[in-house]
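Chains as they are written, first to last, in my numbering: chain A, 1 to 136; chain B, 1 to 99.
Because the hints were derived from the structure by calculation, they are not lab data. Positions of the beta carbon are idealized from the N, C-alpha and C atoms, including for glycine. Be a bit skeptical, because a hint or two may be false.
Just some of the chain B residues that point at chain A, by a computed CB distance under 10 angstroms [unchecked claim]:
1. D17
2. C19
3. L75
4. L92
5. L94
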Amino acid sequence: MVHALEQIHAWLTPGGALVDIHPNGELVEFRHLQEGKDLLIGYMQESDDYIEYRQADEAIREAVTNGWFGIVQTGEFEFRTWADSFDGLKAFLDENWSDAVIDDKVAANARKLEQETGEGGIYLREMATIRLLRAL
Amino acid sequence: MAIQIDPEGYEIRALFDLCGDLVGKSVLEIGSGDGRLTWRYAGKTARVVAIEPDEGKHARALADRPRGFEQVEFLNLNLESYAPQSTERFDLALLSWSL
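For reference, chain B alone in the conformation it holds in the complex (with noise of 0.2 angstroms):
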């Protein structure tokens, strides 16, 4: 089964068309499946942490993590797990398809 997702990029160009390239930026996405977004916007990013409550969804990503996104945290938690640890703040929050 072959299965592409948006390989058009409509999404990440409605991202940027929004936020700009995200240059510099620190990121809280929540919701971050198997990063199929993340590794999209992430790349001039300063830090990224990415929160996603399934597991194999969560494995996926850290199996997929390409070179050079060290930034990049992901983090196997859903929102009320991560709020008592966390006292970091961030210049944008992303809801991706999981408000």
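Extracted from the complex, chain A is given alone in its bound form (with noise of 0.2 angstroms):
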């Protein structure tokens, strides 16, 4: 990662910039909305606990170390993927997030609401975090 980093840096223009944008490694939340009301299923895992995350931060922090980039701003923003039903999600994250992992009691929660509720207005919630950095 940070090899990636110095090479990206030489790519850029005098003065040019590096957005990165990764998730900030707070669980994942199945949620789902309806009628105002938005309710916490339970929490996608993943199968190497986010690991990769906290690499891609240590990587930022060498990247600023080793004088190649400036931290300019950080922030944060909230991500959401919605679906018809929780099978359809479960079906979109089975072919796009490799290492999901779902709890069968996740799972057994959001069928039940969907039985309760009818489908729709399920939606899967990340945080991730924006960097904004001047490359030095």
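With the hints as a guide, bring both chains together as one complex.
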């Protein structure tokens, strides 16, 4: 990761900038929104325990320490992935998020909620960090 | 299966809050996926090179290209493969969920 940042630094014009967006490492939430009620269904795990996000943070710190970049600004934002149903969301994750782990209890909670309220309104909530760094 | 990713536009708002609207900028996007974010920011850029190693996502990006985005070039490459062939310099590099 650090080598990639060094390479990216070489591709920037003088005074150029780098924006890095990656999950902030908080547990990803399955949520259900219906009629104004936004309920937490449960959490999604990753088989590697979100370690790559901590490694990304460390790589950025190292790039700053090495004098390649200076951090200009850091922010956070919410990132939602909506699906028609829990099973639809699960199928999407199976295809696109290889290390996602969904606990059986979370799946059961989601399906029970859908039986009670009807499908729709289910979403995955991630929190992401966004950083603007200036090339030095 | 209907999936909607960030229909609220929180991600592009966060990007523009940090960088402005990227008018006239040249951008190297690393990990551009299916172009989901690319199409949201690229409208006013001068040039975008978007690299993505996954063949399927790269193909979807090409298939979904909207009209009027001729300044966007998608390459089915990872960073290591792109490095030896590139001498181009950019105003902005964007690591979109790929570091």
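Now the hints, each set against the structure:
| no. | hint | in the structure |
| --- | --- | --- |
| 1 | D17 | holds, 7 angstroms |
| 2 | C19 | holds, 6 angstroms |
| 3 | L75 | violated, 14 angstroms |
| 4 | L92 | holds, 5 angstroms |
| 5 | L94 | holds, 5 angstroms |
Consistency note: the structure conflicts with earlier hint 3 alone.
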